[in-house]
Amino acid sequence: MTKKDYDDIPGTFVFDADRSRQGYHLNMFCSSLRLAKNREAMQADPEGYMAGFPMTAAQIEAVRERDWNGMLALGGNIYYTSKLAAFDKINFQDLAAMMTGVSRDEYRDMMLNGGRSIEGNRYTSEWEDK
Amino acid sequence: MAKVTAGVGVSHVPAIGVAMDTGLTEQPYWQPVFEGFKFSRTWMKESKPDVIVLVYNDHCTAFSAECIPTFALGCAAEFAPADEGWGPRPVPVLKGHQELASHIAQSVILDEFDLTIMNAMEVDHGATVPLSVMFGDMEEGDEWPCLVIPLCVNVVQYPPPTGNRCYNLGKAIRRAVDSYPEDLQVMVFGTGGMSHQLQAERAGLINPEWDKRFLDLLTEDPVAGSQIPHVEYMREAGSEGIEMVMWHVMRGALDDEVTEVHRHYHIPASNTAVGHIILENKS
Ligand SMILES: [Fe+2]
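Taken in sequence, the protein lines are chains A and B. Counting in the working numbering, the first sequence runs from 1 upward without gaps. Counting in the working numbering, the second sequence runs from 1001 upward without gaps.
Everything labelled a hint here was simulated from the structure, so no lab data went into it. Among the hints, a few may not be true.
What the hints assert, rightly or not - The calculated lysine to any residue pairs, modelled on SDA-like cross-linking and capped at a C-alpha distance of 20 Å, are: (1) A:K4 <-> B:P1229; (2) B:K1003 <-> B:V1258; (3) B:K1048 <-> B:N1281; (4) A:K37 <-> B:K1003; (5) A:K4 <-> B:V1231; (6) B:K1212 <-> A:K37; (7) B:K1038 <-> B:V1231.
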């Protein structure tokens, strides 16, 4: 793959054509959950419902484990995976807390204090010591 | 003749819609968010637009991964609020202005902007939240006070259209409106942003200095603003901050010189910096 000018943004998956190709069936699975009848089917038989989408074994495992960052690494996009989160009754803010590895309250407090600063968070090189 | 009177830039954070739908707007967390829209609601009542061209992005609601149009214009008679996973928002159905929408589609396509035409489409929080914050609470049976032509922009799969392309599409929409024979007051809304990142380990990123500069450029030097490269939005304003390209469509539809009549900025609403600006044409 060619070098991309956004590859050095830390802690970020840019959902470009390469990721879209990789995550297509995972994203189709997630977005299907926007409809109530599909949510009911998923509720009734998660494994059977997932089997309707030709995802990779790793993607299925990430869904089972609700490994939110793992889904993104496997081509998921946040707007799609948020539909799976909604299925679990998790909103965007609590989902963000899970992806950043802090508690719900810690994340909410960080946002109330102005959010995550841009300082030290522009380049992957700034994260190397973390 | 139809004319473009003003432009509105506004974030469309889904949690703002939830706060309105569940009666939380007076809570200390939400009160400062809504305080900044008091002026705007009065201004909307006084300005009485006939039609809003509402530039927003669909969040994998009307469009799944199967089909991702860069620009899609809503030409239907109406647009129902969609179920995004939590049930549809309890807000009125949007009524379109089909003749103006078709006129805009024809005009901008001949102007070499190859739009997708949507004759059936549901709309998500990207379209309903800006209407809610600008018009206020709606009771059951109410209708939105004006007609709405939704214009969807892809900002989900990289790359979205460039700021420059969005700005020039705004100019083409302006030419289309200017050539429409009916007397109509048209507003253009640019929605999304401001700085925010929803995903992965950098989620929660906020950059108020960058946002302020963006708003300043929007008012004073829109051409410079339209030249901001994608990587700068993603690095400086968060991966989802790139939604702000849509504000350039609104700005392009206005005069080169505008009057900034209102600005509001607040951190946070959920994961996001809320930004809002009202720009009026002088003529
Ligand atoms: Fe959005």
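Quick rundown of the hints versus the structure:
With a C-alpha separation of about 13 Å, the suggested pair K4 (chain A) and P1229 (chain B) falls inside the 20 Å cut-off, and the hint holds. Restraint check: the Cα-Cα separation between K1003 (chain B) and V1258 (chain B) comes to about 15 Å, which is no more than 20 Å; the hinted pair holds. For the proposed pair K1048 (chain B) and N1281 (chain B), the alpha carbon gap of about 15 Å is at most 20 Å, so the pair holds. Simply put, K37 (chain A) and K1003 (chain B) have alpha-carbon atoms about 44 Å apart, too far for the 20 Å limit, and the pair is violated.
Restraint check for K4 (chain A) and V1231 (chain B): satisfied, since their Cα atoms lie roughly 10 Å apart, inside the 20 Å limit. Of the pairs offered as hints, the one joining K1212 (chain B) and K37 (chain A) is violated, with about 44 Å between alpha carbons and a cut-off of 20 Å exceeded. Taking the CA atoms of K1038 (chain B) and V1231 (chain B), the gap is near 35 Å; set against the 20 Å cutoff, the hint is violated.
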